[in-house]
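Protein chains in written order, with numbering that gives the first Met the number 0: chain F, 0 to 322; chain P, 0 to 322; chain V, 0 to 322; chain W, 0 to 322; chain Y, 0 to 322.
Hint data in this document are derived by calculation from the structure and do not stem from the laboratory. Some clues are possibly wrong.
Heads up, the list lumps identical chains together, so a pair's fine if it works in one copy or across two of them.
Stated by the list, open to error - Keeping only pairs whose Cα atoms sit at most 27 angstroms apart, straight-line, the calculated DSSO-like set for lysine-lysine is:
1) Lys263 - Lys171
2) Lys293 - Lys69
3) Lys263 - Lys234
4) Lys263 - Lys293
5) Lys234 - Lys293
6) Lys171 - Lys264
7) Lys37 - Lys132
8) Lys264 - Lys205
9) Lys205 - Lys293
10) Lys188 - Lys171
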Amino acid sequence: MLINCAAYQEGQKLADIPQEAISDYVQRPDCFVWVALKDPEAGELEEMREEFGLHELAVEDARNGHQRPKIEEYGDMLFVVMHLLEMDANEQIRIGEIDVFVGANYVLSLRSRSNISFLNVRDRCEREPHLLKFGSGFVLYALMDAVVDRYFPVINALEQELEQIEDGMFTKESSARDNIEALYALKRKLTVVQHSTTPLLETVHKLFGGRVPQVCVGMHEYYRDIYDHLERIVKQIEALRDVLNTAIQVNLSLISIDDSAITKKFAAYGALFAMPTMIAGVYGMNFDMMPELKWAYGYPLALASMVAMDILLWRRFRKAGWI
Amino acid sequence: MLINCAAYQEGQKLADIPQEAISDYVQRPDCFVWVALKDPEAGELEEMREEFGLHELAVEDARNGHQRPKIEEYGDMLFVVMHLLEMDANEQIRIGEIDVFVGANYVLSLRSRSNISFLNVRDRCEREPHLLKFGSGFVLYALMDAVVDRYFPVINALEQELEQIEDGMFTKESSARDNIEALYALKRKLTVVQHSTTPLLETVHKLFGGRVPQVCVGMHEYYRDIYDHLERIVKQIEALRDVLNTAIQVNLSLISIDDSAITKKFAAYGALFAMPTMIAGVYGMNFDMMPELKWAYGYPLALASMVAMDILLWRRFRKAGWI
Amino acid sequence: MLINCAAYQEGQKLADIPQEAISDYVQRPDCFVWVALKDPEAGELEEMREEFGLHELAVEDARNGHQRPKIEEYGDMLFVVMHLLEMDANEQIRIGEIDVFVGANYVLSLRSRSNISFLNVRDRCEREPHLLKFGSGFVLYALMDAVVDRYFPVINALEQELEQIEDGMFTKESSARDNIEALYALKRKLTVVQHSTTPLLETVHKLFGGRVPQVCVGMHEYYRDIYDHLERIVKQIEALRDVLNTAIQVNLSLISIDDSAITKKFAAYGALFAMPTMIAGVYGMNFDMMPELKWAYGYPLALASMVAMDILLWRRFRKAGWI
Amino acid sequence: MLINCAAYQEGQKLADIPQEAISDYVQRPDCFVWVALKDPEAGELEEMREEFGLHELAVEDARNGHQRPKIEEYGDMLFVVMHLLEMDANEQIRIGEIDVFVGANYVLSLRSRSNISFLNVRDRCEREPHLLKFGSGFVLYALMDAVVDRYFPVINALEQELEQIEDGMFTKESSARDNIEALYALKRKLTVVQHSTTPLLETVHKLFGGRVPQVCVGMHEYYRDIYDHLERIVKQIEALRDVLNTAIQVNLSLISIDDSAITKKFAAYGALFAMPTMIAGVYGMNFDMMPELKWAYGYPLALASMVAMDILLWRRFRKAGWI
Amino acid sequence: MLINCAAYQEGQKLADIPQEAISDYVQRPDCFVWVALKDPEAGELEEMREEFGLHELAVEDARNGHQRPKIEEYGDMLFVVMHLLEMDANEQIRIGEIDVFVGANYVLSLRSRSNISFLNVRDRCEREPHLLKFGSGFVLYALMDAVVDRYFPVINALEQELEQIEDGMFTKESSARDNIEALYALKRKLTVVQHSTTPLLETVHKLFGGRVPQVCVGMHEYYRDIYDHLERIVKQIEALRDVLNTAIQVNLSLISIDDSAITKKFAAYGALFAMPTMIAGVYGMNFDMMPELKWAYGYPLALASMVAMDILLWRRFRKAGWI
């Protein structure tokens, strides 16, 4: 579905143009076309391939979707794949994808499986004509910047999730089983986020370090800034993973400690039953000569001694922290 | 066993040729021969070595089989070893091997221990004469692309296997012992797949980055595309391994939790027995003066108190989640 | 909040200057201005941006705060971000930030969320005019040196914390639950410190190895010295992490050992009850012909045998280390 | 002990020569001497040092023995240290060492603490005069190839050992204690093999990649082949280690599972005793009014109810898989 | 404290010289001064700084002590920091430090917190005038060689310690608690040794690979030899660490196994008590009609059946390996 299609010159928007006019504008030097598609169909992609003269392999990747984040050069064209991450209402991560084709005088962005809109990126670019003069390279920067900035709330949500689990773990407010399930689910999410961000970090480097693609020339500081943001995200993820792995180990220790506490508790209560049972057994013996049995206060004394010894035991267990 | 033997020129098939004619066609410039063998015998290999003038060490590797995936240059010739992976009916992985010798005007592929056919690769090449014009380098690309594409279903099968185990783990539908055996078996399979794919990733780089073998010149984007697919596979495997290791740890926690639950359950039931036994012990004592024993309702009261206390205990244990 | 604003020439302080005069002094060759701000507001930052002509992206980073430690070049300007670490009264780590903009003839430092003062750095610089002649590059060195030196007491505090936990672990002075919570909290702190220091180590290298920014030229040994201190810190952290991970594992073993000891203890005491109960049970049987029951000393003998066997058992358990 | 000492020219053996004649032959261009010693004594080593003019430090290493595998250049001379691995009758690994000094026209090999003979290497070389023409560089290749080929059976033995342990683990044919001891012993052996092979892999690279020592020039493919074999070995070891680490974790899970199963079993049997004991306790009470006691069938009914309830319990436990 | 101060020329000792004469001798070409201090005080250090013209930062490092091992160049001067490791009588590791300043014609060594003497290094140098001709570079080599050689006995002591723990672990000669404490202590020591040796390995490389400091020129093989020894040490440590980590895991398994064995044992003995108690309970019931009670041999038969069933159970438990 075509979202937007406009031509720009000297940092100013010329006009919204019809799809058929694209190839005309692409010819004009000092002018570039910016097209945005959403969940494009095979037919639309094929038209775009012809209008812009895109490389077969890149278009095939875009058609198949589910690529790893990457930046590839096909001659003068850049093909950029990024993941779009959202937290849905159930705290699950939704992964969308944005594929961007960037040439000297065009930017074509294809957004798939995501509701994240990039209209504000277009607004920002049009508000900053002194930067938009850089042409398609600045549009790519603005798109990447917007994508990467959306990663931060996702990471922060995962960090909060971990903190909640930690609280539950140490205060015993949640069961060990719930904790371990939550830790595992978090690990799964982290793995997803990591595989959306780490490859992008690795690949962004080629936009500002060493030999740089033609469209990115002169924008060194801007792409380095994206790299810097990505690195922060990636390091946050690594730290989270590290802490998470420790949390899983620690949780196992906590389970063992609880287990041990319950064993003690039950064993202690067992002793409270076993003691009177033993005394009762003694006075249940059938010896002819058991003087206590004849005493008037034998029975109450026996009962009293049972209770007394249980109280004694109970106190000791209490003191030892077992009950 | 000779599967196929044909000569190509200018991207078009010239003819199926007999084995003896190979050396004639190999002489002709602008022409290349494409030979496919299956489970070749020592004699066939020796003939091929002579027809194409292959290097002794490469042929020895092909004869021995069970090589690691690799790409080696012997002068102008490329020697490529790849693994062929299939899931058999019992969800076990079968590892075959394809060895490819590529020279300026020949491609010789040897397939061993595998039923994966590459006839469709030949079809594809013959349908794309504008690419087949690249010569043997494109055939190599098409073969590699086909091999690598077959890895995806295997990885996906392993991912599904993991998800099934996870479901069983958390829903208690399968026993802890089955889970741990399944996790271990999955680890074993992952190790196999990893050792079939990771070395290939490392070695494919030399076909498009930096100095490139003569036969691959001009196909930069195509070999990079294979690298990209392989990287996706390798990263998926790494993610799987990582999750799998966590799953093994988590499973241990779940075992401890279950163990603890059962300990509690038994201890609770033990108390339900111990309580009446203690009371019965008391009234089994032989004191002369035990007024309760004379009461008409002593016995039913004693029984009632046993039942009442057990109900009380049972409720408490129930509330605590132990029973 | 403006803390300090002064101009220097030839290693000597010229004068404290008003904020408006900054741009005048910055023009003069052989002279540099050193401005220190604390928790700067947006307006102050904007003024500074204009006075010094700072790059938009760097100022934006400073405005947002919470950056990773880094050193970035914007043309001739260096932008340095460092974390300030303090242990507060509750042994928690407080993270502040210092952002430094360094040009050929200015140093602008912005300190945020921290009470660590850098007045002593200014004193030191003014006491060493032969070094201050190096200009803004030496001021940057002096600031970095001061920041890095503050990391050592934090690391040492964490090392002591680990040693205390270790003592508690092996002497059983603290509970397993406290130990595991303390180990986890320490892990968390270590992660924080690591993410404040490791990125700085990686980035400091560019101030003395290979091509060096203009302001740092000739100060090779000084920046290498900072690198050396940072490396010591980073390696100490790594060693701590490593030992900490082992401590968490070891603690799990200790929990298991204690658990096992308690199981033994309770089982042993259980036997001390079960033995007399069994004997009492035997003499509670109602057989007509039980000669012992008629003996005058039957009862005391039975009691004695109970006690004797319990003493025997108790000794054996004692010897085996179970009680 | 001198094993062998011969001179070669143009790929042909000239003659077995006495030790004293070595220095004469070493002078002659196009001719090289190949000497093999076994467990050499200090005196022999000293003689060789003089005959060949070996470097002091290399000779000292050879004298001390127990070196890490390495390849060092001393001017034109290569000094190669490799480990010789054998499985002895008790499935223990014996580590021997072979030190090789290679110059333009000599090869001196010193074998220590090993029964692996290299006579077949000499035979192979003499059977392939077209390769032996390469001179001492080919002899070195042939020796290294022979050493590396002997590593494969050792690795395979370790793989089989792991598979046996796995079988025992999952079929319960061997005890948990035996499994864990076997896994640990295997880990130890793997560590030994790894430290014999990995350093060699790292160092072999210098014989075919980049600048190559003079004696190895022109043998690129051959040394790369050794590298390839070594890499296969090293990767096999890494895979083994990885699986082994998982096996140790899995074994711990299996121990926990078994432990849990036994706890259940005993607790279940405990209930089978506790139930009749409780009933017997009830009918052992001394109330005057217990009508059941008067019934003619009271006793058999009581016994029957005990048995019946135990059968009931037994069935439930059986069904739950606890007995 | 000044230990030694002598001047050398052409590989020969000229004379012991007074401290004040140092600067005179340092001027003379082809002559070098070798000074050794032990636990130097601030004053001594300051004098040396002036005599030799040492760099401020290096002297400050030496004054502070507790540096990481490192090799730094200050202009033509080398500043080398190494750790001195000793095992004291309690098998604890004592860490001393030796700081060496090396210039074209001087060597100044400062030894701190260690009793390891280097007089034998001076002896060795004076016995090898043909090497001592290399000047201060050879003295540095000899010192480093001596320091590194002292690491071997420390590593070997740690290896033996591990082997002792292993023996205790598998033979049950030592308690699980002692094992785990010993393993942890060993881990601690290994961490110490690793942080004394690994940084040195990394830094030694600059003395023989690539561009080499002036004083080390021509001694390539000698410094590489030190590197080789250090690498052996570092790899031994890594192997030890790896085995140690496994040992800690294995020990946890062994604890679980023992725990399980004791659970079985106690449960089995529990059954041996529970069985007679149950039978006694049955014959303690007060039914009027219990024919066995009337039999003359009822009592002995009951006792006999108790004993018989216990023997039966005992045998079964014995067979199952539980007792």
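Now the hints, each set against the structure:
When the C-alpha separation of Lys263 and Lys171 is checked against a cutoff of 27 angstroms, the pair qualifies both within a copy, at 18 angstroms, and between copies, at 17 angstroms. Proximity of Lys293 to Lys69 under the C-alpha cut-off of 27 angstroms is found in neither arrangement, the shortest distances being 95 angstroms within a copy and 90 angstroms between copies. Taking the shortest alpha-carbon separations for Lys263 and Lys234, neither the intra-copy value of 43 angstroms nor the inter-copy value of 43 angstroms comes in at or below 27 angstroms. Proximity of Lys263 to Lys293 under the C-alpha cut-off of 27 angstroms is found in neither arrangement, the shortest distances being 39 angstroms within a copy and 40 angstroms between copies.
For a Cα distance limit of 27 angstroms, the shortest separation of Lys234 from Lys293 qualifies neither inside one copy, at 82 angstroms, nor across copies, at 80 angstroms. Taking the shortest alpha-carbon separations for Lys171 and Lys264, both the intra-copy value of 17 angstroms and the inter-copy value of 20 angstroms come in at or below 27 angstroms. For a Cα distance limit of 27 angstroms, the shortest separation of Lys37 from Lys132 inside one copy, 26 angstroms, qualifies, whereas the shortest one across copies, 37 angstroms, does not. In this assembly of identical chains, Lys264 and Lys205 lie within 27 angstroms of each other by CA distance neither inside one copy nor across copies; the values are 63 angstroms within and 61 angstroms between.
For a Cα distance limit of 27 angstroms, the shortest separation of Lys205 from Lys293 qualifies neither inside one copy, at 100 angstroms, nor across copies, at 98 angstroms. In this homomeric assembly, Lys188 and Lys171 come within 27 angstroms of each other (Cα to Cα) both inside a single copy, at 24 angstroms, and across copies, at 22 angstroms.
Checked against the numbered hints above, the structure breaks hints 2, 3, 4, 5, 8, 9 and satisfies the rest.
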